[in-house]
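Please model the entire structure based on the sequences and the hints provided.
Protein chains: 2
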Amino acid sequence: MKLYNDNDPAPNPRRVRIFLLEKGIDVPLVHVPLAEGKHKTPEFLAKNSLGQLPVLELDDGSTLSESVSICRYLEALHPEPALFGRSALESARIDMWIRRIELRVMMPAGMVWIHCHPFTAAYAASQGRAQFKDFGESNLKVFAGACRWLDGEIAGRAFVAGDTYSMADIVLQTTLDFGAAIGIDLPEDCKNLRDWYARVSSRPSAGQDLSKFPVQLARKGLAR
Amino acid sequence: MKLYNDNDPAPNPRRVRIFLLEKGIDVPLVHVPLAEGKHKTPEFLAKNSLGQLPVLELDDGSTLSESVSICRYLEALHPEPALFGRSALESARIDMWIRRIELRVMMPAGMVWIHCHPFTAAYAASQGRAQFKDFGESNLKVFAGACRWLDGEIAGRAFVAGDTYSMADIVLQTTLDFGAAIGIDLPEDCKNLRDWYARVSSRPSAGQDLSKFPVQLARKGLAR
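If you're matching them up, the sequences are chains W and H in order.
If you use numbering that gives the first Met the number 0, the first sequence corresponds to residues 0 to 223, in order.
If you use numbering that gives the first Met the number 0, the second sequence corresponds to residues 0 to 223, in order.
It should be emphasised that the hints constitute simulated quantities derived from the structure, not laboratory data.
Fair warning: this is a prediction, and the values are worked out from it, not measured in the lab.
Hints may be right or wrong, so weigh each one.
One copy or two, it doesn't matter: identical chains are merged, so the pair holds either way.
Stated by the list, open to error - As a list, the in silico SDA-like pairs of lysine to any residue whose alpha-carbon atoms are at most 20 Å apart:
(1) Lys39 <-> Val141
(2) Lys37 <-> Asp184
(3) Lys132 <-> Ala34
(4) Lys22 <-> Tyr122
(5) Lys22 <-> Gly84
(6) Lys132 <-> Ile113
(7) Lys39 <-> Ala120
(8) Lys190 <-> Gln51
(9) Lys132 <-> Gly109
(10) Lys1 <-> Pro78
(11) Lys140 <-> Ser204
Encoded structure:
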């Protein structure tokens, strides 16, 4: 088994990095530098036709993509510590929170990145793809609204899905760090989320200093 | 246990309806008519703060939302027939396909619906929410491209994730039927998908005649 991944702050590669650290699993890594477009080569597209990281390659050469699906598979092979829940209900609740965070919080951050971020404008143009800037900017408000909704939801809880750290925390952590890296900060009034963020960021798995990533340079140019 | 749901062609309520039929599970139903806005009442928002269907209420009064998470929970209680896979790898692959269909195929259909469909324009205006019509219309092409990509991916396979019918088929079926109901058809050249569609639509779980839904009336007005 080997994992094709990058050290990029992009949320999907980082989800699996944090998951592996939390689980204490060591999977041989093949570095695929996103910044060099190595995820779009014919060799890589044969592994994931969507040209995205991460990809897990099994010993028979077959592949599995989608960060959360890779983590689910690794959890089945290495059940402890459980990050996808122990009971049927706990697992379903963690799944619900993963989905809510992806669809409600990550989605608007991604739309800002794709549609109105100066860093992606040149790339979009090179691909002949339009950026819809007004739509992109409208997602700044959607993101802030989603954070405030989530702030209320997690009141009184240590972690996103309950009292136990789970994959849902990893998905939210990487989403908020991605947001911060591209210039979308958590609203000041999200006290519960800020406390939660301090909690997960102090875990050894948080690892890297995101301020060192070059994408941070694009920050000043973003509509706030 | 009871399920709050509707007979609306909206993909999320329908996913759970099909899942229950395929599993042969009978869960007491509380009808929440989307068309009457009953999913936005204070009573319902206490069950799901996002104001969305479906919601599963457990005997202790706690709730679970997100269609796929509800189905995962019901699968754990009623393992047969397995619709989320049997082995760790099969389960991960089905999860990957659910995610790919939601993020690649459902997402652009939803963006068309939200941002450029005449049926939703009045509702968006009533909520003080802008529709980004150019962005919405750009998703017609994204949807068609995603269908063509998927058409290649499923070549030689009976079902989305392999040789066995799974939750991924339910997610795709409800997505394509939703698309058709709002006027976004599967491209003519998607032969594999058309064959697959005929296969899943002939299952008894496909049930309802979608052409009877009033949203169909909005079809002519959609930019094609």
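Results for each hint:
1. Lys39 <-> Val141: between (31 Å within a copy, 18 Å between copies)
2. Lys37 <-> Asp184: Classified as neither: same-chain Cα gap 30 Å, cross-chain 34 Å, threshold 20 Å.
3. Lys132 <-> Ala34: The answer is neither: 23 Å in one copy and 32 Å across copies each exceed 20 Å.
4. Lys22 <-> Tyr122: neither (36 Å within a copy, 46 Å between copies)
5. Lys22 <-> Gly84: Result: close within a single copy only, 13 Å intra versus 23 Å inter.
6. Lys132 <-> Ile113: For lysine 132 and isoleucine 113, both the intra-copy (9 Å) and inter-copy (17 Å) Cα distances are at most 20 Å.
7. Lys39 <-> Ala120: within (18 Å within a copy, 38 Å between copies)
8. Lys190 <-> Gln51: neither (34 Å within a copy, 26 Å between copies)
9. Lys132 <-> Gly109: both (13 Å within a copy, 19 Å between copies)
10. Lys1 <-> Pro78: within (19 Å within a copy, 31 Å between copies)
11. Lys140 <-> Ser204: neither (30 Å within a copy, 40 Å between copies)
Going through the hint list in order, the structure does not satisfy hints 2, 3, 4, 8 and 11.
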